[in-house]
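Asks: Between the sequences and the hints, there should be enough to build the whole structure, so can you do that?
Taking the working numbering, the leading residue of the sequence shown gets 165, the next gets one more, and so forth.
If you're looking for bench data, these hints aren't it; they were derived computationally from the structure. You can trust all of the hints, since none of them are fake.
Computed cross-link-like contacts, DSS-like style, restricted to lysine-lysine with a CA-CA straight-line distance of at most 25 Å: (1) K326 x K305; (2) K379 x K326; (3) K350 x K468.
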Amino acid sequence: MRTGRLCLGLAAVLALAGCAQPQGADKVDGAYLASGGNGADWPAVGYSYAEQRFSPLDQINADTVGRLGIAWYADLPDPRGQEATPVVVDGILYVTGPWSKLFAYRAATGEALWTFDPGIARAKGVEACCDVVNRGVALWKGRLYIGALDGRLIALDAATGKTLWSVQTTDPAKPYTITGAPRVVKGMVIIGNGGAEFGVRGYVTAYDAATGAKKWRFYTVPNPTGAADGEASDAILKTAARSWSAGGQWKESGGGGTVWDAIVYDAELDQLYIGVGNGSPWNHGLRSEGEGDNLFLSSIVALKPETGEYLWHYQETPAESWDYTATQPIVLATMVLGGAERKLLFHAPKNGFFFAIDRTSGKLVSADPFVANVNWASGYDPATGRPVENPAARYYRTGKPFLSGVAPIGAHSWQPMAFSPKTGLVYIPANEIGFAYLPPLSPADATREPVGFNVGGNMAEGGLPGDVNIIKAAIAATRGKLVAWDPVARKPRWTVDLPTPWNGGLMATAGNLLFGGTATGEFSAWAADSGKRLWTLPVQSGVMAAPSTFTVDGVQYVAFTTGRGGVWPLSAGLAGMPTAQLPDLPRLIVLKLDGKGRLPALPTVTAAPFARPPTTGTAPQLAAGKALFGRYCMVCHGAEAAGGGVTPDLRRSAVLANAAAWRAIVVDGALAERGMVGFARVLDSAGAESLRHYVIDRAQWMKANGALLAPAQ
Numbered sequence: 165m166r167t168g169r170l171c172l173g174l175a176a177v178l179a180l181a182g183c184a185q186p187q188g189a190d191k192v193d194g195a196y197l198a199s200g201g202n203g204a205d206w207p208a209v210g211y212s213y214a215e216q217r218f219s220p221l222d223q224i225n226a227d228t229v230g231r232l233g234i235a236w237y238a239d240l241p242d243p244r245g246q247e248a249t250p251v252v253v254d255g256i257l258y259v260t261g262p263w264s265k266l267f268a269y270r271a272a273t274g275e276a277l278w279t280f281d282p283g284i285a286r287a288k289g290v291e292a293c294c295d296v297v298n299r300g301v302a303l304w305k306g307r308l309y310i311g312a313l314d315g316r317l318i319a320l321d322a323a324t325g326k327t328l329w330s331v332q333t334t335d336p337a338k339p340y341t342i343t344g345a346p347r348v349v350k351g352m353v354i355i356g357n358g359g360a361e362f363g364v365r366g367y368v369t370a371y372d373a374a375t376g377a378k379k380w381r382f383y384t385v386p387n388p389t390g391a392a393d394g395e396a397s398d399a400i401l402k403t404a405a406r407s408w409s410a411g412g413q414w415k416e417s418g419g420g421g422t423v424w425d426a427i428v429y430d431a432e433l434d435q436l437y438i439g440v441g442n443g444s445p446w447n448h449g450l451r452s453e454g455e456g457d458n459l460f461l462s463s464i465v466a467l468k469p470e471t472g473e474y475l476w477h478y479q480e481t482p483a484e485s486w487d488y489t490a491t492q493p494i495v496l497a498t499m500v501l502g503g504a505e506r507k508l509l510f511h512a513p514k515n516g517f518f519f520a521i522d523r524t525s526g527k528l529v530s531a532d533p534f535v536a537n538v539n540w541a542s543g544y545d546p547a548t549g550r551p552v553e554n555p556a557a558r559y560y561r562t563g564k565p566f567l568s569g570v571a572p573i574g575a576h577s578w579q580p581m582a583f584s585p586k587t588g589l590v591y592i593p594a595n596e597i598g599f600a601y602l603p604p605l606s607p608a609d610a611t612r613e614p615v616g617f618n619v620g621g622n623m624a625e626g627g628l629p630g631d632v633n634i635i636k637a638a639i640a641a642t643r644g645k646l647v648a649w650d651p652v653a654r655k656p657r658w659t660v661d662l663p664t665p666w667n668g669g670l671m672a673t674a675g676n677l678l679f680g681g682t683a684t685g686e687f688s689a690w691a692a693d694s695g696k697r698l699w700t701l702p703v704q705s706g707v708m709a710a711p712s713t714f715t716v717d718g719v720q721y722v723a724f725t726t727g728r729g730g731v732w733p734l735s736a737g738l739a740g741m742p743t744a745q746l747p748d749l750p751r752l753i754v755l756k757l758d759g760k761g762r763l764p765a766l767p768t769v770t771a772a773p774f775a776r777p778p779t780t781g782t783a784p785q786l787a788a789g790k791a792l793f794g795r796y797c798m799v800c801h802g803a804e805a806a807g808g809g810v811t812p813d814l815r816r817s818a819v820l821a822n823a824a825a826w827r828a829i830v831v832d833g834a835l836a837e838r839g840m841v842g843f844a845r846v847l848d849s850a851g852a853e854s855l856r857h858y859v860i861d862r863a864q865w866m867k868a869n870g871a872l873l874a875p876a877q
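Replies: The following block contains the structure:
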C-alpha cells in the first residue's frame, strides 16, 4: 500500500511539473504578447502586439495620482537621445540607451543587475541621421533582442545579459543604421534599418529567434539594377518598378524607403505591418525624374509573417518629396464605424493627416489633418485614396521655395502615440513646425556626396534670417500639441498646447490617465477623457520617450527616461532656443504612490563664452561657409550654427581661433574616435576655412543679439 501511494505521489508531482507554466522572461511568447497579460508586466515596447500602449492597471488613477512620487532613479551613462520605452517582466526592467547599450534593473528597487555594451564605433554616429539612439528591446522565451546602431541584431540571455548570437543585418560598407526596436513573431525576429538620407535601399528581414538564421527579406523599393533579389519581395516589386523612372538618382542611392521604426503584428488577422520611410533623395524630381508614385515609399505594407509575402499596401504620400515618412508608430484597434464593427489600423505620420485604414483590405477609411497649417494637400479623395495636392508643394517643378506648415521633423515623429479602449481616443504628441523647402540653388545641392545628408535641395538658405523680430516670431509659432483624436467623429476631442515641439511619447491607463513628458522638463498625467492636467513632476531634463507601467508585489509603478537629443535639438538651431539651455541628463526614473525619492540638486554649470575671434571672413567666404554648413554640419550642430545643447555648440569652440587645429578636426578627423569624423572626402582646406569664418560670424552675431532673443520675464 505504501508503494502504491508513493507511486501516486510521484505521478502527481511529475504531472504538475509537466504542466508548470514558464516564469519570468521565459513566459513571453506569442500568446502572451497578443494579450499583454493582466498589466503586471509591460512585455513589449508597445505593451502588446496591438501596440496601443494602454495598461489595464488602475491603482494609480485620477483620484490617487496626486500622491505619485519617485520610488527610485538611476543615472545613465550617455548624454544623448533617450528614446526607449522600458520593458518589464516579473519585476525585471530592461531599457536601452544611446550607442545601443542595454541595462537591466530590479524594477521595484533599482538594483542594477547587468549592462550590455555592443561597442559601437563612435565614428558610426555620422551615419545616424537623427542621433545615436535606440528605441528598445524585444523579449521572447527568455531572450532579449536588440538592434545595434552598426546594423547588428543581437540576442542576449535575459537573465545574465550574455550574448547568445549576433548577425550583421546590413552591408557595413554602406551607411545603414538601426535605431528601432525589433519585434518577435512566430519565433522570428523582425528588424528594419535606417539611412535613406545618406543613400541606401530599405528592407525588413526575419531571423530565427533561436539561431539567428535568416528566414526571409522584403525590400521596400525595386532593385535599381533591375535584377531579382531572390527574396520575398521579388514578385510584387516587378509591379512596383513601374512606379519608378528609368533613370534618376535612385539608381545610385538605392531609393531609400527604410523601415526604421514601425513594425506591428496583427495577431487577429495574422498580418505583419511595416511603415516605410522617405525617398533618397527627398527631391522626387532628382530621385525619379519627377515620374511615378515610387512604391513603396511612405506606405503601410502588409506582409504574411511566415514568408514575407506581400498582402496589400496603402501609400500615404505618393511621390514623396518632403521627408514625409510612414514610419511613425502604428496602432491596431477594433471599433464600430457606421454601425458596423471594423478592424482598423490607426496612423498619424509626418504628413499631418490622421489615417484610419481597414486592416482586412488596406483600404482607406478616413484621412483628416490632426494639426493646423497642413498646406501640402487639402485632403484625400475618398474614391481614390490619394491626396489632393497643392501644386506649389512640388518645389522641384515650380523652381520656387515652398513654405510648408509641416516640416521634415513631422507633424508627428517617432514619439509613440497611445489608444484607450475606454475613451475610444488616440493620443498624439504633435508638432507645429514650419519649413521652407528650396529647390537646388547650386550644383552642389543636387549632387550626391559620400558623407552628409543627400536631400536634393538647399538646406542652408531655408534657415532663419538674421532679423531678431522674425526669429522671435518663428520661435513663438514653433510649438507642440497634445491631440486627443476621436477616430469616429474624425476630429480632436480635446487638445493641450505645449510651449515647444518634440515632447515625449504617451501611455494611457484604465485609471483614466494619460502619461507623458515634455521637452521643457516635466512629466505629467492628464485626465484621458478631458485633457485636464492632474499632476506634474519637474524632472530637470527633457523627456522624449514613452513611459511604461507595471506592478511588483501588488504595487503599481510608472517608469520613463529623461535626456535630450534626437533630430530636433541637434538640427533646430535658433528655432530650438527655448530648450537649448535645458540640462541634458540621461536618467531612468521610476514612480509609485507615496514615493519619497528626490532628484539631486542640479550642478552649477557656466556656459562657455561665444568665440572671441573677430569676424574677418570675406563676403564670399561667409557665403561659401554658410552653404557648406547647411550641406554637411547643420544636422548635427544646428541651423545657423546654433547648437541645441546635445552636441558641441561650435560657436563656443576655442578651436575657432586656430585655423590649423580647426582644419585638423573637420578635414583630417583628429576627433574621429569621439564621433567627429573628418570630411576630407568633400572638404578641402579652403572650405574648412570658409566654415570657420562662418561659425565665427554666427558667434559674433549671437554675442550682439542674444540678449534681444531672451524671453520676457
